[in-house]
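Given chain V, put chains C and Z in place with the hints provided.
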Amino acid sequence: MSSTNNPAPKWLFPLVLSFIIIILAAVIPRFLPPYTIISLNDIFMYIVLTVSWAVFSGPTRYISLASAAFFGIGIYVSAVLGNVLPFLAAIALGGLASFLLALLVGLSSLRLRGMYFTIFTFGLSELIRHSVLWWEVNITRTVGRLVVSVDNITVYYAMLTIVLLTLAMAYFIKNSKYGLALLAIGESEEATDHIGVNVNALKILAFAMSAVFMGAAGATMATRWTYIDPSIAFNPLFSFMPVLMAIFGGVHRIYGQIIGATALTLLADMLLTKFPYYYNLLYGIILVAVILFLPQGLAGLRERMSKWRKHVLVK
Amino acid sequence: MSGMIKQLRVVFILLAVLVVAFPLTGYCKDKILIGTAISLSGPYAPGAGMTQIPNYKMWVEEVNAKGGIYVKEYGKRLPVELIIYDDKSDIGTAVKLVEKLVLEDKVDLLLPPWGTAMHFAVGPVANKYGYPLIGPTISSEKLRKVAHKIPYFFGILNMPREQGAALVDLLVEFGIKKVALIYVADAYGIEWTAEVSPALKAKGIKAVIEQSYPLGAKDLSPLLKKIKAANVDALLGMSYPPDTFLITAQSMGLKLNPKLFYLGVGVAFPVYRDKFGAKAVEGVMGAGAWNPKLPYPGAKEYYDRHVKKWNKEPDRWGSAFAYASLQILEQAIEKTGTLDRKKLRDVIATETFPTVIGPVKFEGGFNIQAPGEIGQWQNGEFEVVAGKPKRTAKPIYPKPAWP
Amino acid sequence: MGGTLLLDIIIGGLILGGLYALIAVGLGLQYGVARVLNVSHGEFIMLGAFATYSLYTSFGINPLVSLVISGPIVFGLGFLIHRTLFQHLRKSSESMAAFEGTSILASFGLLFIIQNIALLSWGSDIKGYTYLAGTVDFGGAIYAQNRLLAFLFAIIIGLAFYFFLARTRFGKAIRAAAQDVDTAQLMGVNIHRMLGLCFGLGALMAALAGCLISMMFEITPLMGLPYSIIAIIAVVLGGLGNILGSLLGGLILGLVGNIVMYIHPGLSLIAYYMIFLLLILVRPTGILGK
Numbered sequence: 018m019s020s021t022n023n024p025a026p027k028w029l030f031p032l033v034l035s036f037i038i039i040i041l042a043a044v045i046p047r048f049l050p051p052y053t054i055i056s057l058n059d060i061f062m063y064i065v066l067t068v069s070w071a072v073f074s075g076p077t078r079y080i081s082l083a084s085a086a087f088f089g090i091g092i093y094v095s096a097v098l099g100n101v102l103p104f105l106a107a108i109a110l111g112g113l114a115s116f117l118l119a120l121l122v123g124l125s126s127l128r129l130r131g132m133y134f135t136i137f138t139f140g141l142s143e144l145i146r147h148s149v150l151w152w153e154v155n156i157t158r159t160v161g162r163l164v165v166s167v168d169n170i171t172v173y174y175a176m177l178t179i180v181l182l183t184l185a186m187a188y189f190i191k192n193s194k195y196g197l198a199l200l201a202i203g204e205s206e207e208a209t210d211h212i213g214v215n216v217n218a219l220k221i222l223a224f225a226m227s228a229v230f231m232g233a234a235g236a237t238m239a240t241r242w243t244y245i246d247p248s249i250a251f252n253p254l255f256s257f258m259p260v261l262m263a264i265f266g267g268v269h270r271i272y273g274q275i276i277g278a279t280a281l282t283l284l285a286d287m288l289l290t291k292f293p294y295y296y297n298l299l300y301g302i303i304l305v306a307v308i309l310f311l312p313q314g315l316a317g318l319r320e321r322m323s324k325w326r327k328h329v330l331v332k
Numbered sequence: 013m014s015g016m017i018k019q020l021r022v023v024f025i026l027l028a029v030l031v032v033a034f035p036l037t038g039y040c041k042d043k044i045l046i047g048t049a050i051s052l053s054g055p056y057a058p059g060a061g062m063t064q065i066p067n068y069k070m071w072v073e074e075v076n077a078k079g080g081i082y083v084k085e086y087g088k089r090l091p092v093e094l095i096i097y098d099d100k101s102d103i104g105t106a107v108k109l110v111e112k113l114v115l116e117d118k119v120d121l122l123l124p125p126w127g128t129a130m131h132f133a134v135g136p137v138a139n140k141y142g143y144p145l146i147g148p149t150i151s152s153e154k155l156r157k158v159a160h161k162i163p164y165f166f167g168i169l170n171m172p173r174e175q176g177a178a179l180v181d182l183l184v185e186f187g188i189k190k191v192a193l194i195y196v197a198d199a200y201g202i203e204w205t206a207e208v209s210p211a212l213k214a215k216g217i218k219a220v221i222e223q224s225y226p227l228g229a230k231d232l233s234p235l236l237k238k239i240k241a242a243n244v245d246a247l248l249g250m251s252y253p254p255d256t257f258l259i260t261a262q263s264m265g266l267k268l269n270p271k272l273f274y275l276g277v278g279v280a281f282p283v284y285r286d287k288f289g290a291k292a293v294e295g296v297m298g299a300g301a302w303n304p305k306l307p308y309p310g311a312k313e314y315y316d317r318h319v320k321k322w323n324k325e326p327d328r329w330g331s332a333f334a335y336a337s338l339q340i341l342e343q344a345i346e347k348t349g350t351l352d353r354k355k356l357r358d359v360i361a362t363e364t365f366p367t368v369i370g371p372v373k374f375e376g377g378f379n380i381q382a383p384g385e386i387g388q389w390q391n392g393e394f395e396v397v398a399g400k401p402k403r404t405a406k407p408i409y410p411k412p413a414w415p
Numbered sequence: 004m005g006g007t008l009l010l011d012i013i014i015g016g017l018i019l020g021g022l023y024a025l026i027a028v029g030l031g032l033q034y035g036v037a038r039v040l041n042v043s044h045g046e047f048i049m050l051g052a053f054a055t056y057s058l059y060t061s062f063g064i065n066p067l068v069s070l071v072i073s074g075p076i077v078f079g080l081g082f083l084i085h086r087t088l089f090q091h092l093r094k095s096s097e098s099m100a101a102f103e104g105t106s107i108l109a110s111f112g113l114l115f116i117i118q119n120i121a122l123l124s125w126g127s128d129i130k131g132y133t134y135l136a137g138t139v140d141f142g143g144a145i146y147a148q149n150r151l152l153a154f155l156f157a158i159i160i161g162l163a164f165y166f167f168l169a170r171t172r173f174g175k176a177i178r179a180a181a182q183d184v185d186t187a188q189l190m191g192v193n194i195h196r197m198l199g200l201c202f203g204l205g206a207l208m209a210a211l212a213g214c215l216i217s218m219m220f221e222i223t224p225l226m227g228l229p230y231s232i233i234a235i236i237a238v239v240l241g242g243l244g245n246i247l248g249s250l251l252g253g254l255i256l257g258l259v260g261n262i263v264m265y266i267h268p269g270l271s272l273i274a275y276y277m278i279f280l281l282l283i284l285v286r287p288t289g290i291l292g293k
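Residue numbers (my numbering), protein chains in the order written: chain V, 18 to 332; chain C, 13 to 415; chain Z, 4 to 293.
Next comes chain V alone, as it looks inside the complex (with noise of 0.2 Å):
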C-alpha cells in the first residue's frame, strides 16, 4: 500500500503530535487556574463522544443514536459501584459494560440499514432508559442515586487518559485495513460482502469498540456530576450532541471532530454565560450558519482556503 512508499509523514506526524500533547497535558494542570481544568473535562468528555461515534458512524455512514445509552452504562455502573469499587476499576467496568451492550445493539440491528438503524438506536436507548428507570422504581424503590465525588484533578487525567486512547483508537482503525473495510461498507454494503469481507462481524465489533470509551467517560464523568437518575444518565442529548459535533466539525477527519466537538463546548460555554436569555438563538444561528457556509463543516474551511488561495492566485 501507499504508506510503504513514503512512511515519515504518515506515522511521524502523529507520534510527535500526541508525544507534545501528553508532555504538554501532564504538565498543564499545574499552572492552569482551576476552572479551566473543569472546562477541558467537559471538552475532553465532548471528544471522546464524538470521535468515538464517529469511528464507527463516520465511514460506515450508520448515523447511531445509541451514545446516550452507552454513556449511561458507564454513568450508572459508577453510580452504583462507585462507592465499593475502586474509582479506575469503575472506569473500566464501565467501558466494558458499554462494550457488552454495543455487542448486543449491533447484533440485534444487522438487518437494519439507514434510517431505520438510525431510529432503532435511539428506540433502544430509550427502551434501556425506561428499564432502568423501571428498575428503580419497582425494585430498588428509590429513583436518582448520589454518586461518590472525585476531585477535579483526578477526573482529568482520568479523561485525558481516555481522550488519548479514544484518539489512538480512532487512528489505528482509520489507518488499518479494517479502516478501509468499513469505508466500502459505507460506499456499498453488497459489495464489501463479495469480496470477502465478513460485513457483519466487522460492523458488530467497530460498533463495540467505539462504545468502551464512551461508558468509560460516562463513569468518569458521574463523579462529577454528584447526582445522577435515568433521564439524566440517559438523556437523548448525548446521542445527539456527537452527531451535531462531528458534522459540525467535519465528519471525515479526526481534527474534524476534536475540532466540532471543542468549538461546540467551547460556544456553549461562552453563550451559557454571557448570553443566558439567548443562549439557543445564537447557538442555533451559529449552527445554521456555518452548516450554510460550510456543509463539510469547519474542516472543510481548510479546504476552502485553498481553493480560494488558488483562485486569488489565477487572477
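Lysine-lysine pairs mimicking DSS-like chemistry, simulated, CA-CA at most 30 Å apart:
hint	chain 1	residue 1	chain 2	residue 2
1	C	Lys355	C	Lys154
2	V	Lys291	C	Lys69
3	C	Lys215	C	Lys238
4	Z	Lys94	V	Lys327
5	C	Lys140	V	Lys291
6	C	Lys84	C	Lys354
Counterexamples of contact, computed for chain C against chain Z with all Cβ distances above 10 Å:
hint	residue
7	Cys40
8	Gly79
9	His160
10	Lys218
11	Arg317
12	Pro412
Quick caveat, the hints were computed from the structure, so don't treat them as lab data.
Every residue gets a Cβ at the ideal spot worked out from N, C-alpha and C, and that includes glycine.
Positioned in the frame of chain V, the structure of chains C and Z alone reads:
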C-alpha cells in the same frame, strides 16, 4: 522609525490600561456579587421561571432600592449584583457553571437552581467550596440521609414525610376508608408513596388501587376509568405538573368525582385555577400551601409586589419559599455584619428568621416552620387546610362535583 | 363490559393516534419527500399551539378559526425556510447522504432558534385554556369533546390530503418525487418549488396539530421536541417515503400507547418501545416500506 513609534504606542496603551484598571480591582468592596446557574431553557425552565427567577430579580431590585444590604465590616450598604447563567436543565452544565461562579467570577454568595435533582447535584458542590445554599425547590426524604455530609445546605421546602402525614390526617379526619393511590414513576412519586402507603395501612385506610404511571403520559383515562369503577372515596395522585393538568382534565371529562380529590405538584399554580376556572377547581387539594392571608409579616405585601411587578400571581407553594430564602440570606448578612460564608452558615443554621412563610428555623439542615402542608382551592384562593393549626379556611368536604 | 372496554381503549387510542398521524404525515412530507429529517417539526407544532392560545385568550378568536389564520402563516414560513436554507444546503452538499447530515444539523439550529424566540415572546410559564372540555357518551364510553374534535379534524385533514395526493397533478408530482427525485425532475417537475411546498405543507400540518393539541394539553415553548420524536418514530415505522405509511405509523403508535397504558401503566413505556423495536425488526423497511 515607525516601528519604534508603534512599540511606544503599545507600551503607552498598556500603561493606560493598568492605570485605569488598577483601582477597580480588589480591595474596595462596592457590591455583593451573587450568582446562580438555573434553568432558562430545557424541561426545568417552566418551574424555574415561575418559582425562582422572578423572586430572585424582584428581591435584588428591592434590596438595591434601599441602597443595598448593610454590611457592618464594610461600614456601608452594598448593592447586590446578580449573575444568572443558564444550566440548560442539564446536571453536568449546572455543576460546571456553579464552579465557574465560584472559581472564576468569585461570587460572594450562590442562589440555588430549580428542582430536586439539581439541588442534589449542586448542593454538594456549593458545600465543597463553603457556600451556604438554601434550597426552595427540593422535596425529598433522601436529603435526610446526606444532610449531615453537606452542612452548608439547607432545605426550606416541605418534605414528603410531613406532607404525607398531614394528608393522611386529613383522610382520617373525614373518615375516609377507601382510596386510590396513583403516582408518577419518578423520585417524587416514589418517595411520596413510600410515606403515604404505609401510613394509610396504619390507619386502616384501604388503597384499592396503587399504581404508578410514566412521566409524560398523554392519556391517563384508562387508569382513571378503573378508579371510577372502583368507586373510591379519595383519589390521591402523587403527580408532576403535566400529569396534574392531564388527570384533572380527564377526571372532569369522566365525571370522576371522589369526595376528596388530591394531586401533587401543579395544583398550587395560579395557571391551574385559570386554565380550568375557579369554579371547576373548587375543592381540589394539592401539595404545598401558602397564601397571602397567612398572618406572617410581609406576606400580603410580598404577594402584592409580585403581582404588581410581574403582572402575575406567585404560585402558592415554592415562590414564597424562594423569597423567604432570600430574606434569610439578607438577614444573616445584616446579623453577622459580614460576607464571611462560614459565619453566615452558622447563623443560618442556628437562628430564627421572620419571613413571608413565617419564622423559619433550621434543625439539622431542615426548616421546621411550614406555613401549611396541603392546600385546597376555595373561591379562587388556595387555602391552607393541613396541618390543622395552620388552616386559613375550613376544608370543603366532600368536594363539589365537577361542573 | 368486555366489549365496551375494548371499544373504549381502541377509540381512546385512535384519538391520540389521529393526532400523531397528522404530525407524522407532516414530517413524512419533509423527510420522505424533501429528505430533511426536520427535528424542529415540534417547534412548528408549538408555534401553532401558541398562536391558537394567544388568539383565543387575547382576542377571543375561536381555536378552530385560528387554524385558518395561523395555518397559512406557518405554511409560508416553512416554504421560505426551505427555499432559503434547505434548498441551498441541498445544492451545496456533495451527495444526498451528506445532505441528510447537514440538514439534521440545520434543523437542530432551527429548533434552538424558534424555541428561544418563543421563550422570549411568551415566557417559560405553563399556559393553557379550556375549550370544549365537555364530554360525549357512547353507550358508557366517555370522551372529551375536544379530543373527539381533534380526532375528527385529524381524519378530515388526513383524508383531504390523501385525495390531494391521489387525485391532483401536484399530488402525483409529490408522490413521484417521494419515490425518486431525479426521475420526477426529468418528467418536468419544478423540483425546488415542489420541495419547498412540501416542506411548507409539513409545517402547516404541524401548526394544525399544535392548534388541536392546545385544546387538550397545557402548553410551553419547550413542548416541541417530544412531538418531533413521536413523528420521527411514526414515519420510520410506517416506511420512509410512504405518506400513507406515516399516517398508519401515527395511528399505530397512539393505539399501542393506549393499550399498554391500560394493561399496565407502570410498564407502558417499556412495552411501547419493545413493540416498536420488534415491528422494525420484523419489517426492516417499515410497515408499508418496499
